[in-house]
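Visitor: Chain residues, written in single-letter form:
Number of protein chains: 2
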Amino acid sequence: MAEEAAVRAQVEAVRRLKQDKAVPDETAKEVAKLLEMKAQLGEDEGKHKFVLKTPKGTRDYGPKQMAIRERVFDAIISCFRRHGAEVIDTPVFELKETLTGKYGEDSKLIYDLKDQGGELLSLRYDLTVPFARYLAMNKITNIKRYHIAKVYRRDNPAMTRGRYREFYQCDFDIAGQFDPMIPDAECLKIVCEILSDLQLGDFVIKVNDRRILDGMFAVCGVPDSKFRTICSSVDKLDKVPWEEVRNEMVGEKGLSPEAADRIGEYVQLHGGLDLIEQLLQDPKLSQNKLAKEGLGDMKLLFEYLMLFGITGKISFDLSLARGLDYYTGVIFEAVLLHQKNEHVEEPVSVGSVAGGGRYDGLVGMFDPKGRKVPCVGVSIGIERIFSILEQRLEASEEKIRTTETQVLVASAQKKLLEERLKLIAELWDAGIKAEMLYKKNPKLLNQLQYCEDTGIPLVAIVGEQELKDGVVRLRIVATREEVNVRRESLVEEIRIRTSQR
Amino acid sequence: MAEEAAVRAQVEAVRRLKQDKAVPDETAKEVAKLLEMKAQLGEDEGKHKFVLKTPKGTRDYGPKQMAIRERVFDAIISCFRRHGAEVIDTPVFELKETLTGKYGEDSKLIYDLKDQGGELLSLRYDLTVPFARYLAMNKITNIKRYHIAKVYRRDNPAMTRGRYREFYQCDFDIAGQFDPMIPDAECLKIVCEILSDLQLGDFVIKVNDRRILDGMFAVCGVPDSKFRTICSSVDKLDKVPWEEVRNEMVGEKGLSPEAADRIGEYVQLHGGLDLIEQLLQDPKLSQNKLAKEGLGDMKLLFEYLMLFGITGKISFDLSLARGLDYYTGVIFEAVLLHQKNEHVEEPVSVGSVAGGGRYDGLVGMFDPKGRKVPCVGVSIGIERIFSILEQRLEASEEKIRTTETQVLVASAQKKLLEERLKLIAELWDAGIKAEMLYKKNPKLLNQLQYCEDTGIPLVAIVGEQELKDGVVRLRIVATREEVNVRRESLVEEIRIRTSQR
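As you go down the protein sequences, you meet chains A and B in turn. Heads up: the first sequence at position 161 corresponds to 161 in full-length UniProt numbering, and the numbers run straight through without jumps. Heads up: the second sequence at position 432 corresponds to 432 in full-length UniProt numbering, and the numbers run straight through without jumps.
Just so you know, the hints here were simulated from the structure itself, not pulled from any lab data. A hint or two may mislead.
Copies of the same chain look alike in the list, so a pair counts if it fits in one copy or across any two.
Derived lysine-lysine pairs resembling DSSO-like cross-links, with alpha carbons at most 27 Å apart [said to hold, decoys possible]:
hint : residue 1 : residue 2
1    : 443       : 415
2    : 289       : 226
3    : 372       : 440
4    : 139       : 108
5    : 150       : 422
6    : 150       : 236
7    : 299       : 415
8    : 53        : 443
9    : 108       : 53
10   : 56        : 114
11   : 292       : 114
12   : 369       : 139
Only chain A is shown next, with the shape it has when bound in the complex (with noise of 0.2 Å):
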């Protein structure tokens, strides 16, 4: 009965995700699937069972998973590290007004949690809202931080491709008033730096400039109050052609076919120095004062990008918008290109792995005064990355471990369980990395497999004979090759055995 109540609370779901514009696509597949499951719990009627799964959009990371996870979350921080940058964290959850009115359109994708009694919360959506927060909480006007954490969008799931509810976002800020373009040029070299170390195949970063795009549709003839609207559209460049992007600015959105058109044609732009001399030189543009603004520093920032010797991955692209409302001036997106790998059969189309920008006013909506800091920053989206390395790593032959151990104390014959624990705390004492089997009298093969199995080097085996010599037997495990070792220099024989790693 439990699981027929189960099922009514899911079909009535899946109504409710109809209405639920955010997930429409997804609804017909959903709906068979709980025909298929209801169906079957006829069947079964009576039996004990309920759905045994994660959240829609969520996953779980088993040690593999992890071990790839760490990899790049050690590349990612060691990048930040070598920057300079301090740490860190704040609650999982915010006010819910804390994040009213930040994210304009994408407002709707807010998980909100159930209203127990107490303050309204939502779970975070991004790290850059909390960090304002924070920052003009703690009044704190000058700082360089990252943040490594998970947030929460309720999005239409595409896991296969990266894209889930629950997933990981890496930021790295600067917080202050400083010399213009400076540190904008600094998250841009640490894009670089980290899609360069994690050897994900080529990327673009393609860069804009919100006052270039606003000063854009200045001179285009889109009325002020259509801006942001129409830079929604705009941004979804990437996803659809200018055709369909020309429909919803004129159809749904009202902007004259002209100005239509005049945007058409800016945004077909992309390139580098050149072209920002080039628009500075355009009789329109240069003529309004915010593109003028725009593209004096975007030629600053490739000045400094030029010394940083990065601009070769670098594109002014005039079509790139972001979706977000809060940003100011500078915004950048890096995408991979083409894979190009021996491994993989099917390239694994992933888009945008990274995205920041500067944004200038967020942090005086949240100070009493009003009082701003200017802030730039980057965030990676690391699990479009793992989708990538998961397969990669599942295509090839390599071989990851989970574990660290270093050694397996093993006994040779029986009843050596006591010796067993004993010198195993020595080594743990020791700080050597050191395993056995939870069995009172395990065979020495299936000890011995166990360390095939998991990739431990070396094996501490004590036998009545070793005890008696004081001795221990190290076995290596690729050449099986065996050593007796007396017992005060096994540690410093089991060390520098496994120190290159």
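Fit chain B to the given chain A structure using the hints.
Guide: Leaving out everything else, chain B in the frame of chain A:
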């Protein structure tokens, strides 16, 4: 007007809070605070204002706190790794039904998510139930894993004593069918290693067994149906005196005074192997099958702990009960003893810092066929450990560094921004941790001061003469010594001079 709505919402929230039995004694304070806020609003009418805070029972971790936190994590993770554990991660929320019926009376503390269409979700309450769900879902019958993540309890926070609504748990568990007490002993060894390593002062690990408790209840004349609720009463003995617990048993829970008094005699007992031997001879307990099994295993456990050399830290304590429903065998809890620390004037009372036990039935609750996977594990609660270390650090003179920067790239004259950018990119690309000030023309004194403030040990100074000579002036901040280093040797020189870190 927005602020009035906010206050109204909060007053309404407090009204609801009053009805919420889980948090009664904070209500008065909250109401007072809100009335005060409302009064202030009356004065400031019209100004932009809202509450700038983290949710109740949560906190931010700034760079200094994070530095302490990472030290603690390092100690814990290296211990878990030393014992051969793999690592996993699970989502922060689970299907609501996954958590249902696992926590007994504590279920009311679970955070639910709002029903926004789709599945009903709850934030995880601990890492043990998600672990059991993970095992059953993936049909894993054998794993040793750790998991470090935040859990959520809508409890009454006491933040100065390290009790939060969002807090970390560091769990190590061994799942699988093994010979008795070997994994259980390892869990206790792990607690000893971690608490010793963190130098938190003296501690003791209380140990008991649910089978001994149940046997004791039986021979004292507690009816079977009252075992769990009387167990909950016993669990309060670490916070309230016996008389109060006895009153609850007899008054609220309807136990006979005689039975309560018999329990009262047993729960005073604590000791070591001698006490186990004594109870094995106890005329009543020795007749009870469950108690006998538990005492036999307890004896075996103590033998193993002796081989591990840690019986000095272990106390077999019949008053230890543990709150959660799912334990089936050995249970334990580590408490810090009176803090003696010269730096801290008033010692922090923190109580339990780790706990755990055996739960052989939990995985079976998730398996469609009820297949059991025996498990034993330990959970380290680091928030309380943080409070101690944080207060100790504040009281001490120690200056904790929050970045790892090895060198500041500085300039001696104006107009050298480009040269600084070029040099710092060279250093980053060589893996050196380097910073620079984000100003076009910073004063040398300000650059040196920044190093003093943040603990950066070296300064690489570019000046016109140095550029001509192909050298960089390297300044050692601590000694104010300066040496000219050829540009091509700079990376190596920095590595050597910072190699101890």
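Visitor: Against the structure shown, which of the earlier numbered hints fail to hold, in ascending order?
Guide: Hints 4, 5, 8, 11 contradicted; others consistent.
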